[in-house]
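Residue numbers (the numbering used here), protein chains in the order written: chain A, 98 to 268; chain B, 98 to 268.
Don't take every hint at face value.
Identical copies carry no separate label here, and so any pair may be met within one copy or between two of them.
[As the list claims (entries may be wrong)] No farther apart than 30 Å at their CA atoms in a straight line, the calculated lysine-lysine pairs in the DSS-like style are these:
hint, residue 1, residue 2
1, K227, K101
2, K227, K255
3, K258, K101
4, K255, K101
5, K258, K227
6, K255, K226
What the hints contain is simulated information worked out from the structure, not anything from laboratory work.
2 protein chains.
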Amino acid sequence: MSFKLSDLNAISTASFVAVCDGFFEHSPWVAERVALFRPYGDRDALHRALCAAVDAASAEEKLGLIRSHPDLVGEAAQRGDLTSESAREQTAAGLAQVSPAETARFRELNAAYWARFGFPFVICARENKKDVILATLPIRLANAPEVELRIALDEIGKIAKLRLFDAIEEG
Amino acid sequence: MSFKLSDLNAISTASFVAVCDGFFEHSPWVAERVALFRPYGDRDALHRALCAAVDAASAEEKLGLIRSHPDLVGEAAQRGDLTSESAREQTAAGLAQVSPAETARFRELNAAYWARFGFPFVICARENKKDVILATLPIRLANAPEVELRIALDEIGKIAKLRLFDAIEEG
């Protein structure tokens, strides 16, 4: 069962933040900043408000949000130390089943990405499969830093939308 | 942030069940049966009601609840296919770091336990460490089936209490 939007519009800020907690990885401040603007008429309106809060955040906060994301096929994934959402998404993309060669390739590209941009490679794993992600990574690696920052935040918005639509139902 | 008990007392049944969803592994029916008896004065009262709903359930439902639990150090854990709660609890018990010999011992004991009782070995992993669990398993294996059924349900109650107290705050 999912949580109802009408309830989400009515509960305390603390409970609202608790329900929205997983939408933006390790970043409850996003939900905190939109609690006051309730009620939201539908899930899209809530999602737009959350993304607007990210857009309005400081450069440091945006960087912190991006850095809250785990590497794909990274050490946290290997340790089983992902949020439940990330674990499910990486599995859906086929990233739970990787060959040693693929793992080595991910590690190498992830390291190059971090070294170039100062934050991890973020992609909406549920909208992409392993092969596409592996093909995309070198292309993204060639982008300008300001372009990658924008893409990372857009991907985070897509991730949040899928998580929100899973957790919340209208009505 | 945690969800507030006062909000839990006020929201729709669907949202109440969504918040309580993870307390009893894959068994939303437990929360469904106590939603009507709100409001609860404190978290203990809610927990007692949930456990009473389990006690009042049919023998088939109780068996289904126990069977919803993953084996410790089992195949689901290895596949990364646990609920987030189970994954966290098994990790807290030190079960994410097991030697091949320990894994083999768990698999052997788990299989013997299933064969004898018809349900998996359930223990509140957050209250026990790997060595204690491995020492306890052969002892529990020697119990009478009706005793193990009672112990399994009691352990499920303890697991649910820790999950509930993590997710819900009074006030």
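Each hint, compared with the structure:
no.: 1; hint: K227 with K101; result: neither (33 Å within a copy, 39 Å between copies)
no.: 2; hint: K227 with K255; result: within (17 Å within a copy, 39 Å between copies)
no.: 3; hint: K258 with K101; result: both (16 Å within a copy, 24 Å between copies)
no.: 4; hint: K255 with K101; result: both (21 Å within a copy, 28 Å between copies)
no.: 5; hint: K258 with K227; result: within (21 Å within a copy, 39 Å between copies)
no.: 6; hint: K255 with K226; result: within (15 Å within a copy, 39 Å between copies)
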